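S.K.: So the chains spell out like this:
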Amino acid sequence: MTIVRRMAGALPGAALALALLAAAPPQARAAGPVEIRIDNFTFNPPVITVPKGTAVTWLNADDIPHKLAGSDRPWKSPVLDTDQRFSMTFAEPGTYPYFCSLHPHMTGTVVVTAE
Amino acid sequence: MTRIEKASRTDQEQGLSRRTALSCMAWVGTGVLWTVAGGVPRSLGLIGDAAAAPPGGSTPNSFTFVQVSDSHIGFNKEANPDVGATLRAAIDGVNALPVRPAFAVHTGDVTHLSKPEEFDTAAQLLGGLKTGALHVVPGEHDVLDDTATAFRERYAPRDARGNGWYSFDEAGVHFLALVNVMDLKAGGLGNLGEEQLAWLEDDLRGRADSTPIVVLAHIPLWSVYPEWGWGTADSERALAALRRFGSVTVLNGHIHQVMQKVEGRIAFHTAMSTAFPQPAPGSAPSPGPMKVPADQLRRMLGVSRVEYVPGTAPLALVDTPLIG
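Sequence order for the protein chains is A and B. Going by our numbering, the first sequence opens with residue 1, and the numbers climb by one from there. Going by our numbering, the second sequence opens with residue 1001, and the numbers climb by one from there.
Bear in mind the hints are in silico, worked out from the structure with no lab data behind them. Any given hint could be a false lead.
[As the list claims (entries may be wrong)] Calculated pairs, SDA-like style, for lysine to any residue (alpha carbon to alpha carbon, straight line, at most 25 Å):
1. 67(A) with 1120(B)
2. 1291(B) with 61(A)
3. 67(A) with 1159(B)
4. 1291(B) with 44(A)
5. 67(A) with 1202(B)
6. 1115(B) with 1084(B)
[Stated by the list, open to error] The calculated label-pair distances, taken between Cβ atoms and stated as ranges, are:
7. 1081(B) with 114(A): 45 to 53 Å
8. 1123(B) with 75(A): 50 to 58 Å
9. 72(A) with 1082(B): 35 to 43 Å
10. 47(A) with 1185(B): 16 to 24 Å
11. 1117(B) with 76(A): 16 to 24 Å
12. 75(A) with 1124(B): 30 to 38 Å
13. 95(A) with 1211(B): 26 to 34 Å
14. 1206(B) with 37(A): 36 to 44 Å
15. 76(A) with 1153(B): 52 to 60 Å
16. 1132(B) with 61(A): 39 to 47 Å
17. 95(A) with 1169(B): 45 to 53 Å
18. 73(A) with 1096(B): 34 to 42 Å
19. 33(A) with 1226(B): 41 to 49 Å
Just so you know, these numbers come straight off a predicted model, no measurement behind them. Ideal Cβ positions, reconstructed from N, Cα and C, are used throughout, including at glycine.
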């Protein structure tokens, strides 16, 4: 599994998009930016399906920090405080369930397709 | 005004009459004062409240201790931009008590993001407590470094086991300081884990049934509201090991509001936060901080009230949700 991770921190949206483009591997075709908004202790949308190579960004819109972790794979994000973002590019097809390691009742899934 | 009331009753036929009225009022920026008379913890009420009286008479071996919780040092959002001030107010309230508490317990989320400077600030503030020892269990906000190293360096005694759990004794009362905020599983609740449960069973083995037990843990050990993660997945095994004891009091934090429940001989209690309130279960879209006007923060939370009235069965728990 190859995962490219990027902590966006407080970067403005435009700068973030540029940074992600610059970091994208050559085979990653431009899928539209995908953002999962963390709001009211839920991942919105809770399940997303994206082509491989897509950068997925989480934005914490809660007043409480959250921290992402893979449910069945050992990946995790830094702590995301309010308004912080975290991006990860999923290079290989598969189903990637994840949760918040502070509030484990919060769960979501990224489904990565071959195309 | 926002008001929350709960009443709990237990069954005197089970020989629990010595656990007399247990009641407390809670207020953001305060702690809860507890007294232990005849080995049975009783809440004396809100610190700073007129009802908070010194322990009854000259009962041998009686003492008081305070419970402070969820200080979230480092939080600076709208719900409370100055959590240092409200923690300081709590400490001032403790220090103004007519009888000095023997010690203090903090039931977790001392810090908001586990940052070294947050631990420093919290230590400076909590150092102002004019009580004996301070016993602290971690909240999930205190272990964001995944290893709980910063927390353990501050608060875990040398003989702490595993992720930092330990036990201690005060005046004949046996305290268990548990860690249920580590190694949480997807979709799950608080977690004690096999190693800690085995330690707990071993720790209790051989102790007389008459030993009063107080359990400290951040996330409630009973199922308050699983939809918001307010419970501990494997607490049942811990409670099974505790049921033979005549007096068990479980003190939790995490949910930033007072709740109380009695199951058999086990009394559960959650404390108010010193930082910000959280909504009553299911009364809001999420358990995030409740925002109230700054000049009303303490007053609005100050009327939260819990009463435990013994005498008749079965257990009754009455909630009036907070209204923001």
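S.K.: Each hint should be assessed against the structure and marked as holding or not.
M.R.: Here is what the structure says about each hint:
1. 67(A) with 1120(B): Measuring from Cα to Cα gives roughly 23 Å; hence the hint holds.
2. 1291(B) with 61(A): holds (15 Å)
3. 67(A) with 1159(B): Judged against 25 Å, a Cα distance of about 30 Å means the pair is violated.
4. 1291(B) with 44(A): holds (23 Å)
5. 67(A) with 1202(B): violated (34 Å)
6. 1115(B) with 1084(B): At roughly 15 Å apart (the allowed maximum being 25 Å), residue 1084(B) and residue 1115(B) satisfy the hint.
7. 1081(B) with 114(A): 45 to 53 Å: With a Cβ separation near 49 Å, residue 1081(B) and residue 114(A) satisfy 45 to 53 Å, so the hint holds.
8. 1123(B) with 75(A): 50 to 58 Å: violated (33 Å)
9. 72(A) with 1082(B): 35 to 43 Å: Holds, since residue 72(A) and residue 1082(B) (Cβ atoms, about 42 Å apart) stay within the stated range.
10. 47(A) with 1185(B): 16 to 24 Å: holds (19 Å)
11. 1117(B) with 76(A): 16 to 24 Å: With Cβ atoms ~23 Å apart, the hint holds.
12. 75(A) with 1124(B): 30 to 38 Å: holds (36 Å)
13. 95(A) with 1211(B): 26 to 34 Å: Distance hint for residue 95(A), residue 1211(B) is violated at roughly 50 Å.
14. 1206(B) with 37(A): 36 to 44 Å: violated (53 Å)
15. 76(A) with 1153(B): 52 to 60 Å: violated (22 Å)
16. 1132(B) with 61(A): 39 to 47 Å: holds (43 Å)
17. 95(A) with 1169(B): 45 to 53 Å: For residue 95(A) and residue 1169(B) the Cβ distance comes to about 50 Å; the hint holds.
18. 73(A) with 1096(B): 34 to 42 Å: violated (53 Å)
19. 33(A) with 1226(B): 41 to 49 Å: Check failed, 35 Å falls outside 41 to 49 Å.
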